[in-house]
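Asks: Protein sequence lines, in the order shown, are assigned to chains Y and L. Here the first sequence is numbered in the numbering used here, starting from 53 and rising by one per residue. Here the second sequence is numbered in the numbering used here, starting from 28 and rising by one per residue.
Treat the hints with caution; some may be incorrect.
Derived coverage of chain Y by chain L (criterion: at least 3 residues anywhere in the stretch with Cβ under 8 Å from a Cβ of chain L; other residues may be distant) [said to hold, decoys possible]: (1) 170-178; (2) 182-194.
Here are the simulated lysine to any residue pairs, SDA-like style, with alpha carbons at most 25 Å apart [said to hold, decoys possible]: (3) Y:K191 with L:G186; (4) Y:K167 with L:D149; (5) Y:K93 with L:W93; (6) Y:K133 with L:S211; (7) Y:K93 with L:Q205; (8) Y:K146 with Y:I188; (9) Y:K167 with L:T188; (10) Y:K182 with L:K80; (11) L:K153 with Y:L162; (12) Y:K133 with L:S158.
In case anyone wonders, no lab produced these hints; they're calculated from the structure. Even for Gly, the Cβ is constructed at its ideal location relative to N, Cα and C.
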Amino acid sequence: MLRNPVKRTLAALALIGLALPAMAETTVSDAWARATVPHQKSSGAFMILTASTDSKLLSVASPVARTVQVHQMTMENDVMKMGEVDSVPLPAGKAVSLDPNGYHVMLMDLNQQLKEGEQVPLTLVVEDAKGVKQSIEVKAPVRALNAEAMSGHQHMH
Amino acid sequence: MTDLLTRRQVVAGISLLGLGALAGCDPRSGGALDFKYGKDMSNKILGRSFKLKDTQGNVRTLSSFWGSMPMVFFGFTQCPAVCPTTLARAAQIKKLMGRDAGFLQVVFISLDPERDTPEVLDAYVKAFDPSFVALSGTLEETAAAAREFGVFYEKVPAGDTYTISHTSTSYVFDSRGQLRLGLSHSLNAKECAEDLLTVMEVC
Numbered sequence: 053m054l055r056n057p058v059k060r061t062l063a064a065l066a067l068i069g070l071a072l073p074a075m076a077e078t079t080v081s082d083a084w085a086r087a088t089v090p091h092q093k094s095s096g097a098f099m100i101l102t103a104s105t106d107s108k109l110l111s112v113a114s115p116v117a118r119t120v121q122v123h124q125m126t127m128e129n130d131v132m133k134m135g136e137v138d139s140v141p142l143p144a145g146k147a148v149s150l151d152p153n154g155y156h157v158m159l160m161d162l163n164q165q166l167k168e169g170e171q172v173p174l175t176l177v178v179e180d181a182k183g184v185k186q187s188i189e190v191k192a193p194v195r196a197l198n199a200e201a202m203s204g205h206q207h208m209h
Numbered sequence: 028m029t030d031l032l033t034r035r036q037v038v039a040g041i042s043l044l045g046l047g048a049l050a051g052c053d054p055r056s057g058g059a060l061d062f063k064y065g066k067d068m069s070n071k072i073l074g075r076s077f078k079l080k081d082t083q084g085n086v087r088t089l090s091s092f093w094g095s096m097p098m099v100f101f102g103f104t105q106c107p108a109v110c111p112t113t114l115a116r117a118a119q120i121k122k123l124m125g126r127d128a129g130f131l132q133v134v135f136i137s138l139d140p141e142r143d144t145p146e147v148l149d150a151y152v153k154a155f156d157p158s159f160v161a162l163s164g165t166l167e168e169t170a171a172a173a174r175e176f177g178v179f180y181e182k183v184p185a186g187d188t189y190t191i192s193h194t195s196t197s198y199v200f201d202s203r204g205q206l207r208l209g210l211s212h213s214l215n216a217k218e219c220a221e222d223l224l225t226v227m228e229v230c
């Protein structure tokens, strides 16, 4: 939603010749959501986030699910633990992966089955160090239930 | 006299060999195994007496899987991370095992019987491989099965609903139902397949 105004601001700044680093910009790549079988009520969404300045991911929303939370998966003695986090730190310039092995987006109480090939709209809210919030619209293609993460140690090709 | 004894001994020896051949197992098989990646669990008595239902409603116990190499994993279908990656890994292991693949029987036990109906479970595991079996029971039967395996699990509230933290080990039994191997979530398919071949060599 804010994307265009941001771009316009940037363009305006560039036009008046201000060589400021301007506002924080966060890019999203490789977004995807995992397909579900009928009546399966939750799934996960994954992506890579890169912020231009130190920022954090505050929240995610999606029309496909009643509840969307950012969770962190941790392993302790081979016990997989899951829990909601307040935010995900996005250090400047560092690609932060939301994948099945760590932070990920939980889509809970799904309103519909997620079918391979469809797109899941996600709205991310990212806040920079100055407290300026940016909202980012992402369309995450649905990949097969048995899809593996594109990054991570288990990927062998 | 001496001749007779010798003959008896020979006969006894032959029948012992015969028994061994029937069981089809290496005599070493009672002892510990040397795995490259996974954890040897040969001396652990776990998972012997679970009793759950498959998605067709048939009662299944460990003995239902005798003659195959069952690989048991606990999870729930609404799990976004470990469960699909472990099942995807299991499907990949089967591919890597080539002609021995038919021997491996993947068994997924639901820790979430309230939400994992037989229909959801069946569609879920078969999305990974049509040969995979899913088992579930009542809340009490689920708790008993988890206890049998020493599997930890607990509900974690999330919004209006919940998610489940749980042990992510895959447990492998030999064809006679003796627990052999524990495969951690961190191992890849190739590492698991190598250790599974070690289990197959003994029994």
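Asks: With reference to the structure, classify each hint as holding or not holding.
Replies: Verification of the hints:
1. 170-178: As far as the stretch 170-178 of chain Y goes, the hint is violated, because 0 residues have Cβ atoms under 8 Å from chain L.
2. 182-194: violated (count 0)
3. Y:K191 with L:G186: Measuring from Cα to Cα gives roughly 23 Å; hence the hint holds.
4. Y:K167 with L:D149: holds (17 Å)
5. Y:K93 with L:W93: Given that 25 Å is the threshold and the Cα spacing comes to 34 Å, the pair is violated.
6. Y:K133 with L:S211: The given pair, whose Cα atoms are some 14 Å apart, holds under the 25 Å limit.
7. Y:K93 with L:Q205: Since the Cα atoms of K93 of chain Y and Q205 of chain L sit roughly 36 Å apart, the hinted pair is violated (cutoff 25 Å).
8. Y:K146 with Y:I188: It holds: about 18 Å lies between the C-alpha atoms, which stays within 25 Å.
9. Y:K167 with L:T188: Status holds; Cα separation ~22 Å.
10. Y:K182 with L:K80: Not OK: K182 of chain Y and K80 of chain L at ~56 Å, beyond 25 Å, violated.
11. L:K153 with Y:L162: Holds, at roughly 21 Å.
12. Y:K133 with L:S158: Distance of about 28 Å is beyond 25 Å: violated.
In summary, the numbered hints that this structure violates are 1, 2, 5, 7, 10 and 12.
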